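Novice: Below, each chain spelled out in residue letters.
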Amino acid sequence: MSRRDLTYKWAMYGGAVLAVVLVQSLVLNYIRVLSVHPFLLPMLVGIIAAYEGTQGGYTFGLIFGVLCDITIQAPVPCFFTLDFVVIALITSLIAKNLIAPGFLCTLVVSAVSLLLTQLFYTVIYTYRSIASSMGVLNLMGREMLVSMVLSPLLYLLFFRIFRKTRPD
Amino acid sequence: MKNFFNKNGIWLLFATVIIAVMLCVLSAFSSGSSFLSNAAGVVTYPFRAGASAVSGWVSGISEHFTQIDTLQAENEALKKQIAEMEEDIRQSKADSEENARLRTLLNLRQQRHDFSYESATIIERSASNWASTLTLGKGSDQDVAVNDCVINAEGYVVGVVTQVGLNWCTVTTVLDPSSHLGALVFRTNEVGVAAGDLSLLGTGQLRLNYLSNQETLINGDLIVTSGLGGYYPSGLVIGSVGEVKTDDSGLSQYAIIDPKVNLNSLTEVFVITNFEVVK
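Those protein sequence lines, which keep their order, are chains V and X.
Using the working numbering, read the first sequence as starting at 1 and increasing by one per residue.
Using the working numbering, read the second sequence as starting at 1001 and increasing by one per residue.
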């Protein structure tokens, strides 16, 4: 893949990610279903890593994680950096070894990404003794349900970019 | 895949660890917010503020069309409430004058709260369901500092400033699981701790912990800040008791508090940048 194609591909991904981030902060953060709002940021990392493989996914996860850490308040200063790197590595492995990139893959990696982020939160909150197991499970279930509803839309957006920019 | 890891695995791990440690160190050695967070906050401020204004404008238009009937009814109720409050104000003026005369007679010091406020617009809400934070469009340039208390227009507690940049700050609301405020039951003067709880975050409630079993709380009891320790002003309304429960050990009670402030409809708040309570 030429440098120009590579730049074009990541510019497309960057634009799509920016659009989703804007939708998240302007619309989704205000919509509450089952007392939670959809949380799409980890799913973005998981989907892109599944489509683009370990190298691209890792680099994207690291950069996006650092950006989130310096703009969003998190329980620990490097929360999103570590979380998104782990998501990128695991989802790229899933896409490489278990399910080829496509609709089903998007659903699976979205769920795995969200679950990993929830587990990161759970570990920190449990360590700080500010969460009961029932409370955590309840929140995890509701957040998963509400966020996964939007996973097909992310598939439509990112799979189109993946197909359009894939080298023949 | 294997080749990629074999070739670059150690460097990937090294880069991640270095960046994570750098973020932690930057955060640990900065009082308000790290240099990177501060710079990112300043750069993104116009976009956040613009986006928030557009969002508020759109929501205002939709509300204009959908809530005319509700607003008319509310308007009538408010007119009635204003009339009642004007009567209360007249009465309270007379009471204040009487109070001042009696204090002079008894040689007591005046009680007063002196607050310095900084009004601020909410420019962003927390993206995560695991925390409850607000980003405001005021920062250290306007004397906002970490641990400043934030209230709404009615004087109800919204939260506490936990991160400050040049022209922005982050407020951890009273609902956040990491939030702990010294609280007082207004009726009984019993002291407790109002704390956010993850299982109550969705319902918009918080807990009042460390109450002795001897006291009898009743539904509707007003909970205010205790002001103990001097970090926050005393007497600011947090909420009212919605339900009283006994904890698993059976030794102490806790109460579920319905906060007076409605965080979902909040657009503007006031940061108490300085306060003095004379008792």
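Possibly wrong hints are sitting among the right ones.
Output of the computed footprint for chain X on chain V, the stretches with three or more beta carbons under 8 Å from beta carbons of chain X [claimed, not checked]:
1. 19-28
2. 100-111
3. 126-132
4. 137-147
5. 150-157
In case anyone wonders, no lab produced these hints; they're calculated from the structure.
Here the structure is a predicted model, which is why all the values come from computation and not from measurement.
Note that the Cβ used here is the ideal one computed from N, Cα and C, for glycine as well.
Novice: Tell me, which hint numbers fail for this structure?
Specialist: Numbers 2 and 5 - these are the hints that the structure violates, sorted from lowest upward.
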